[in-house]
Amino acid sequence: MKKLLMIIPLVILLCFTFCCQQVEEAITEEQAKVLVDRALKIWNEGNLELLEDVMASDVERHEYGILEELVGIDAIKTYIINNRNAFPDLNITIDKIIVKDDMMVWFWTYMGTNTGPLWELPATGKKVKFHGVTIVRVVNGKEVEIWDFYNTLDMMEQLGFTLAPPQPPETQEEKK
Amino acid sequence: MKKLCMILPLALILCFIVGCQDKGAMAELEQFKVKAEVEEQNKEIIRRWIEEVNKENFEQLFNELWAEDCIQYMNSNPEPIDNEQYNQMIEHFYSNFPATTHEIHNIIAKEDKVIAMFTARTTHDVDSYGVPATGKELAWRAIVIFQISDGKIQTRWEVADILSMYKQLGMELKPKESEK
Numbered sequence: 001m002k003k004l005l006m007i008i009p010l011v012i013l014l015c016f017t018f019c020c021q022q023v024e025e026a027i028t029e030e031q032a033k034v035l036v037d038r039a040l041k042i043w044n045e046g047n048l049e050l051l052e053d054v055m056a057s058d059v060e061r062h063e064y065g066i067l068e069e070l071v072g073i074d075a076i077k078t079y080i081i082n083n084r085n086a087f088p089d090l091n092i093t094i095d096k097i098i099v100k101d102d103m104m105v106w107f108w109t110y111m112g113t114n115t116g117p118l119w120e121l122p123a124t125g126k127k128v129k130f131h132g133v134t135i136v137r138v139v140n141g142k143e144v145e146i147w148d149f150y151n152t153l154d155m156m157e158q159l160g161f162t163l164a165p166p167q168p169p170e171t172q173e174e175k176k
Numbered sequence: 001m002k003k004l005c006m007i008l009p010l011a012l013i014l015c016f017i018v019g020c021q022d023k024g025a026m027a028e029l030e031q032f033k034v035k036a037e038v039e040e041q042n043k044e045i046i047r048r049w050i051e052e053v054n055k056e057n058f059e060q061l062f063n064e065l066w067a068e069d070c071i072q073y074m075n076s077n078p079e080p081i082d083n084e085q086y087n088q089m090i091e092h093f094y095s096n097f098p099a100t101t102h103e104i105h106n107i108i109a110k111e112d113k114v115i116a117m118f119t120a121r122t123t124h125d126v127d128s129y130g131v132p133a134t135g136k137e138l139a140w141r142a143i144v145i146f147q148i149s150d151g152k153i154q155t156r157w158e159v160a161d162i163l164s165m166y167k168q169l170g171m172e173l174k175p176k177e178s179e180k
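Top line first, the protein sequences correspond to chains P and L.
Position 60 of the first sequence, counted from 1, bears residue number 60 in our numbering, the numbering being contiguous throughout.
Position 101 of the second sequence, counted from 1, bears residue number 101 in our numbering, the numbering being contiguous throughout.
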């Protein structure tokens, strides 16, 4: 009986301690900084082996200008390789980081010279500089979902393109 | 002896609880609560703005939620626009896409900032940017970062996928005339 009396308060104390240490899924500013540093090494230096350290295997990337979502590390790897081929001197800098719970928000500037083909477009030799925002959801220290936002039109205009109105087949025939 | 055995652990627990609730920690917790409350209020302001705004209530909702001296950076343009320019922009936008609605996918509040990802949807039922109505449904994504002071929206940065919007209208990217 005496032993029981000793154990009960101990159990209560333990419960109390666990309650205090509520398991937090949130990422810390330090963890976010490490992930950003690695992302920059991946994009700016082409250090693609780091991808598996920072992303979960079923990671999803929602990208502007691309209709399908990129799912899995391999799809993202191909996407980065294509980007680095189009802009071999690619240099991304981080302007600001906001961390909240399991989400990170990165504000960045993208600079590069288009000396390789971009998607189906031939190289233009032009320099681009534009800003964007990336939101990343992190689970167990790894990126699981990425949303990327930038003004694709701005980038294409810097590359020397402009928007042309649609040419319906009827009007083309009328012109003939 | 048995009674002492009962009282001692109880006293210990009490000490522990009181120890945990030191005033510094309580004040910090209170501050944290206030901060969390403001973040929730800010989120609600932004949720209302994005999801409720339409062609008819635009002016009234804008006057209610935005600070008079607010500043807006649209589509990563480094030069901000003032209210007059913004009003012209909105008028132009609604004349091209009168039936636009917005759906928020994700909203994050941190201190005085609110970050919202949303999809804009509209029906191409009038002449839009020079393209005759097709009746097609269009959708494009955007992100907006708001900075809120004293319950009013003070600054907005927005990046919308307008290239995708124009492409859905049937426009195409072509090399500029001078560069052909």
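Just to be clear, a hint being listed does not mean it is correct.
Listed below are the simulated DMTMM-like cross-link pairs for lysine to aspartate or glutamate, each with C-alpha atoms no more than 20 Å apart in a straight line [to be verified]: (1) 100(P) with 79(L); (2) 96(P) with 30(L); (3) 41(P) with 79(L); (4) 129(P) with 102(P); (5) 35(L) with 63(P); (6) 126(P) with 112(L); (7) 41(P) with 39(L); (8) 113(L) with 63(P); (9) 96(P) with 37(L); (10) 41(P) with 30(P); (11) 35(L) with 148(P); (12) 167(L) with 63(P); (13) 100(P) with 37(L).
Calculated from the model, a selection of chain P residues having no Cβ within reach of chain L, i.e. all distances over 12 Å [what the hints assert, rightly or not]: (14) 88; (15) 98; (16) 101; (17) 166.
Short derived list, chain L residues pointing at chain P, Cβ under 10 Å [claimed, not checked]: (18) 135; (19) 138; (20) 141; (21) 155; (22) 164; (23) 175.
In short, the hints are calculated from the structure, not lab data.
For every residue, glycine included, the Cβ atom is placed at its ideal position computed from N, Cα and C.
Here is how each hint holds up against the structure:
no., hint, in the structure
1, 100(P) with 79(L), "violated, 28 Å"
2, 96(P) with 30(L), "violated, 28 Å"
3, 41(P) with 79(L), "violated, 31 Å"
4, 129(P) with 102(P), "violated, 30 Å"
5, 35(L) with 63(P), "violated, 32 Å"
6, 126(P) with 112(L), "violated, 38 Å"
7, 41(P) with 39(L), "violated, 34 Å"
8, 113(L) with 63(P), "violated, 23 Å"
9, 96(P) with 37(L), "violated, 24 Å"
10, 41(P) with 30(P), "holds, 17 Å"
11, 35(L) with 148(P), "violated, 28 Å"
12, 167(L) with 63(P), "holds, 16 Å"
13, 100(P) with 37(L), "holds, 15 Å"
14, 88, "holds, 22 Å"
15, 98, "violated, 5 Å"
16, 101, "violated, 8 Å"
17, 166, "violated, 3 Å"
18, 135, "violated, 14 Å"
19, 138, "violated, 13 Å"
20, 141, "holds, 7 Å"
21, 155, "violated, 13 Å"
22, 164, "holds, 7 Å"
23, 175, "holds, 6 Å"
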